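Q: Please dock the two separately framed chains into a single complex, following the hints provided.
Chains Y and S, in that order, give the protein sequences. No gaps in the numbering here: position 96 of the first sequence is 96 in this note's numbering, and each next residue is one more. No gaps in the numbering here: position 198 of the second sequence is 198 in this note's numbering, and each next residue is one more.
Calculated from the structure, these hints are not laboratory results. All figures in this text were calculated on a predicted structure; none of them were measured in a lab. The C-beta atom is built at its ideal place from N, Cα and C for all residues, glycine as well. Where hints are given, some of them may not hold.
[As the list claims (entries may be wrong)] Covered stretches of chain Y (chain S as the covering partner; in silico rule of three or more C-beta atoms under 8 Å from a C-beta of chain S):
#, stretch
1, 38 to 51
2, 63 to 74
3, 86 to 100
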Amino acid sequence: MVRPGTEQEKGEVVAIELVLARLLRVGSVIAAALLAAGIVTMVLGLTALAPKLISAGLIVLMGTPVLRVIAAGIIFLKERDWYFALFSLVVLCAVAAGILLGSAA
Amino acid sequence: MRGKSGRCEETGGARVVVTFIEIFLIGIAAGVIGSILGLGGGIIIVPALTLGFDMSIRTAVAASTVSIIATSTGAAVAYLRDRLTNTRVAIWLEMGTSIGALSGALIAGFMNQRVLFVMFGLLLSSSAYNMFRTRKAEHAVQVVPDAVSRKLRLGGSYYDMALGQQVDYQVTRTIPGLIIMIFSGAAAGLLGIGAGIFKVPAMDQVMGMPFKASTATSNFMIGVTAASGAVVYFARGDVDPLVAGPVVLGVLLGAILGAKLMVRMKAAKIRLFFIPVLVYTAFHMFYRGVKWW
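Just chain S, same shape as in the assembly (with noise of 0.2 Å):
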């Protein structure tokens, strides 16, 4: 809105005050979808402050970082009461993602980034392969804990309301699943969003956890990687408060209300909607890592 600002004055209150409401409903769309797949919104939000608003990329991605937050914690209040989120694994992966976003801080400028683009796509191709080989299933075969899971009690359990039945589960391959979260934290890192979308299929796929668990305890973790992005963007003064105000009350709301129709909603439903958003992501970073135009 700051190349806009001119003409809001000229054209007083009411322009504003349509703008905020419009800003605010993609707020609350990004925030409902974000929350149910376990996401941070900013494949919703970036594109559509950016060419919607004519807003420019630096201030949507400031905007879209802080908003990650906004998801992850209004959502994450009825998870964790409904026992969806899994907090051992979720702290045991943080390490990975914080410790992956600040190494891809770092090497952001020594690596060939095309060469990150194309490895993030291959991750997520197998990721939606896999995915929509599964898709029927409501739960992972049985799942033999390893002796890492094991020695850090990772295991969980939680009442399906779609189901109407106690879903107990054990995780397993926990050091291959840490492992891409630091690929998942350093995307998040370079790119400024929650990469919530390469956690997910790591606990689904990976680890063998429940759907609802995985895109849960994605969602709790990815305010903790957007966290130190949103608060350096801040203080560079990147984020517009006029703009990421709209948003981030919208993406608040959204998520709470998201939140309260996925505990409800089926493992295979959500994952229907899941697979696109992959598959759709994967492209687009095979198209950033390619593209020599």
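Looking at chain Y on its own, in the form it has when it is part of the complex (with noise of 0.2 Å):
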């Protein structure tokens, strides 16, 4: 597969998916030790702390996706990838109206 400006195109793309390798990984780390704490405050019969370690942790992993939707966004933009851009922008309308939707209901 030989393309034109593949060098560049090659640069851009290990760009972009390291720096959501890494948000996804900031994401599920800080989850997992709230989870983690959370289950043993429990153990440890914490009852009322315990749950709200928990939905924090789960909070925090809800919002991953999200983030990961608008950080592509935003490398989609600075990359001039007009398309992309508007892509990334599309399905961030479309989880935030399901949201809204179903909070409704």
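A: Shown next, in the form of structure tokens:
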């Protein structure tokens, strides 16, 4: 697969994938730490604190894919990849609409 | 565990710990299987929690939806680094899944759900048949990219550790792929699943992507498909932290482990695990579509 400008393109692809990988890694590490802390406190009998820690972990986890879409959108904008910036925006709006509709119902 | 909380208090902390460990182990299993096959793992978690622990469907589906995000996030780190995930294809197709999920939620009240289930069943059966036919192939034959794929530069390249070689590939039938994703998103919205079972065949069979790139990309996408559902369940208070906590932690760890295993597996082997899951789900969809009792 020989394409013109392959070197430069590869550079871009590598950059976006590494940025997203780092973001997802940070999200999953924070979520896992909060969940583990919550489960340990539950086992220790601190029943008031445990659900809060676990919920915090779940919120971090649920926010990660949304942040991932936003991050991808920003990277595409910076690279002037207008189509993909637009696609990211469409995805983001659909997710937001889903949350609003679901919560209203 | 809500229904059991009284009993838990009576029998003390030991019972809680045992239940936590059991749920945690189920989570690990679901995470490993889900991450390798590009699925959310809901097909394991929902029956395990409802049948094994007497939980309500509501609690189980809510916990499962959150854990789909865990499978996706946990495995995606490894898949992104190994370049197995095609981020451009993922974002293109996510438009289909997210719009589909939205319309699934909207039409749920108006359209006859049985018709939808039968349609899902048909779609999955044909995927199962096609996948069985090509079960031995490690790669699709030379794929010629269509105009949209060329314009959007959807082709990709990754180093396959199982084959010990670089795999360059092209993507075709970009629009039919997007249309299937709308169905997949609708299924996800209606059933509270990640619907990776629709996504993998769409990329592998229809769009001509390598199987491993398809499961990794599906895995990447299901997190976004599940995100709005998960937030809604959470806001409604359906997510029980004491159930979701151990499941999700298990799934996260399982997915990290599964992703490490998958990059070293041959595509033909992963397909062999995928086909029975596909057949089972197809039957399940038909069953829900035609059952009259």
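Q: For every hint, state whether the structure bears it out.
A: Against the structure, the hints:
{"no.": "1", "hint": "38 to 51", "result": "holds (count 7)"}
{"no.": "2", "hint": "63 to 74", "result": "holds (count 6)"}
{"no.": "3", "hint": "86 to 100", "result": "holds (count 10)"}
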